[in-house]
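**Student:** Sequence:
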Amino acid sequence: MNKKQLVEQIIKKKSFLCVGLDTDIEKIPSHLLTYEDPIFEFNKQIIDATSPFCIAYKPNIAFYESLGIQGWMSLKKTIEYIPKNCFTIADAKRGDIGNTSKYYAKTFFEWLSFDAITLSPYMGEDSISPYLNWKGKWSIVLALTSNAGAMDFQFIMDENQKPLYQRVIEKTQQWGTEENLMFVIGATRSEEIAEARKRAKNHFFLIPGYGAQGGSLQDVCSYALNEEVGILVNSSRGIIYASSQKDFALRAGEEAQKIQKEMEQILFDKGFVNHLF
2 MNKKQLVEQI IKKKSFLCVG LDTDIEKIPS HLLTYEDPIF EFNKQIIDAT SPFCIAYKPN
62 IAFYESLGIQ GWMSLKKTIE YIPKNCFTIA DAKRGDIGNT SKYYAKTFFE WLSFDAITLS
122 PYMGEDSISP YLNWKGKWSI VLALTSNAGA MDFQFIMDEN QKPLYQRVIE KTQQWGTEEN
182 LMFVIGATRS EEIAEARKRA KNHFFLIPGY GAQGGSLQDV CSYALNEEVG ILVNSSRGII
242 YASSQKDFAL RAGEEAQKIQ KEMEQILFDK GFVNHLF
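With the numbering used here as the guide, the letters of the sequence shown map in order to residues 2 to 278.
FYI, nobody ran anything at the bench for these hints, they're computed from the structure.
It is possible that some hints are incorrect.
[As the list claims (entries may be wrong)] Lysine to any residue pairs mimicking SDA-like chemistry, simulated, CA-CA at most 25 Å apart:
#: 1; residue 1: Lys271; residue 2: Glu180
#: 2; residue 1: Lys85; residue 2: Tyr123
#: 3; residue 1: Lys94; residue 2: Asp127
Based on the provided sequences and hints, a complete structural model is requested.
**Tutor:** Right, dumping it as structure tokens:
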């Protein structure tokens, strides 16, 4: 999915919601454990319930690869089941060099057919460029995260008193374009979101930390929206674990719709859509 198509889907669905499929075998409703593939069954029902209200899905790969071969197959079936008008993100946070990155890219872009992958830029250009060589695919670089440990490295100042996360944003734009490069920008650091947007005016931001981690959607949008919307806001636990009972999918759909309605209002207020509901 290219940038134009992604923006079109956002306007069509009046949503920039990304649903995180952090599917934990220990947290899914117990009645699903009788299925041959409980993880896929959970994801399937979540997708059915939420796809009218979101434009992207982001499976966290750790929850799948920890289950071995069965987990990888559950992931593959999940990606194949997601509607084609939804953007798919492999939350894999890979970050190795050269030939290794080439085969990680082959795994997620070819075998699994994801649209995008999250990447750590710590090892530099040769850890990112193999992914950027894939036509029609996206690299989403970790720039500013919402976890407590973000302070350990991301805010180290250089000789010009510029924090490392800003250097990451500026440097990586020399390797990719607004058509194949996004940035992870955490929702819980509003003032830094504004600084990130100054440095990457036309790039999409993937914004985790909304919902369960406490980020405000209104605050995020006031700092992060650009002329093409330019953001995907992720919610994982707040949607997929809205209920642990047999109504889990229904409740997930209700939560997704609630967020979508708030997003629709924001898009209307900002002039991106011309009618509500």
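**Student:** All hints, please: hold or fail.
**Tutor:** Hint by hint, here is what the structure shows:
no., hint, in the structure
1, Lys271 / Glu180, "23 Å, holds"
2, Lys85 / Tyr123, "32 Å, violated"
3, Lys94 / Asp127, "15 Å, holds"
Hint compliance for this structure: hint 2 is the single one not met.
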